[in-house]
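Take these sequences, add in the hints, and give me the full structure.
In order, the protein sequences belong to chains A and B.
When the letters of the first sequence are read in order and numbered with the numbering used here, they come out as residues 1 to 120.
When the letters of the second sequence are read in order and numbered with the numbering used here, they come out as residues 1 to 110.
No wet-lab data here; the hints were simulated from the structure.
Hints are supplied without guarantee of correctness; some may be wrong.
[Stated by the list, open to error] With a cut-off of at most 30 Å between alpha-carbon atoms, the simulated DSSO-like pairs for lysine-lysine come out as follows:
1) A:K13 / B:K79
2) B:K45 / A:K26
3) B:K45 / B:K102
Each chain, letter by letter, is given below.
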Amino acid sequence: DAGVTQSPTHLIKTRGQQVTLRCSPKSGHDTVSWYQQALGQGPQFIFQYYEEEERQRGNFPDRFSGHQFPNYSSELNVNALLLGDSALYLCASSLAAGEPGGTIPRNEQFFGPGTRLTVL
Amino acid sequence: RKEVEQDPGPFNVPEGATVAFNCTYSNSASQSFFWYRQDCRKEPKLLMSVYSSGNEDGRFTAQLNRASQYISLLIRDSKLSDSATYLCVPFNQAGTALIFGKGTTLSVSS
Numbered sequence: 001d002a003g004v005t006q007s008p009t010h011l012i013k014t015r016g017q018q019v020t021l022r023c024s025p026k027s028g029h030d031t032v033s034w035y036q037q038a039l040g041q042g043p044q045f046i047f048q049y050y051e052e053e054e055r056q057r058g059n060f061p062d063r064f065s066g067h068q069f070p071n072y073s074s075e076l077n078v079n080a081l082l083l084g085d086s087a088l089y090l091c092a093s094s095l096a097a098g099e100p101g102g103t104i105p106r107n108e109q110f111f112g113p114g115t116r117l118t119v120l
Numbered sequence: 001r002k003e004v005e006q007d008p009g010p011f012n013v014p015e016g017a018t019v020a021f022n023c024t025y026s027n028s029a030s031q032s033f034f035w036y037r038q039d040c041r042k043e044p045k046l047l048m049s050v051y052s053s054g055n056e057d058g059r060f061t062a063q064l065n066r067a068s069q070y071i072s073l074l075i076r077d078s079k080l081s082d083s084a085t086y087l088c089v090p091f092n093q094a095g096t097a098l099i100f101g102k103g104t105t106l107s108v109s110s
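Quick look at the structure:
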């Protein structure tokens with residue numbers, strides 16, 4: 001059972017450029033969330049995609065956009081890169097309805113290895 | 001008050017020690033909680049889920065105090081391999097974003 005995969009693993013860009021990161025969710029999962037993790041911080045939620053639509057968004061500017069494809073894979077695009085965009089970008093997959101079992105909906109999110117973006 | 005606050009750490013303990021981390025949360029609607037473990041330059045991995053008052057898994061015990069809005073993680077008989085950052089995550093319903101604390105760093109030495 002393949003886990004969450006992300007590509008590329010590392011990326012170096014310069015200010016003003018645009019970048020596209022890719023994520024394939026865990027088999028059977030239909031929801032993809034993206035997080036940004038700066039050095040020394042916890043992951044910060046960017047947005048979440050379900051049924052090819054952005055379902056929820058965190059406090060990130062419009063330079064950050066995304067897409068989900070019919071096979072549930074997803075892309076994160078960042079335009080006009082800033083130095084402060086340098087971070088580890090994590091993709092997490094989950095089931096919209098939650099994992100089965102129990103009365104409380106479960107939202108266990110499984111993370112991919114991340115893409116480390118460096119903006120020079 | 002921040003949504004999630006954790007002990008700043010780092011915690012430096014010898015092998016075999018018992019160590020506890022606390023995490024406070026501000027959203028009283030939070031139903032359940034996760035503890036994630038993150039190794040240096042790696043992705044977070046789910047360590048434990050808490051859906052009621054607590055959970056125990058081997059050397060790891062999580063306890064939830066809803067009245068005081070905090071959750072703790074206790075690690076007994078620490079191993080070198082327990083060295084990592086531990087992230088506390090409350091959530092209130094399936095399909096919503098995870099709000100992470102900054103994490104608490106644990107270093108276990110021989």
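*Mind checking the alpha carbons of B:K45 and A:K26 for me, to see if they're no more than 30 Å apart?*
OK: B:K45 and A:K26 at ~14 Å, within 30 Å.
*Mind checking the alpha carbons of A:K13 and B:K79 for me, to see if they're no more than 30 Å apart?*
Violated, at roughly 39 Å.
*Within a Cα-Cα threshold of 30 Å, do B:K45 and B:K102 meet the stated pairing?*
15 Å, holds
Going through the hint list in order, the structure does not satisfy hint 1, though it satisfies all others.
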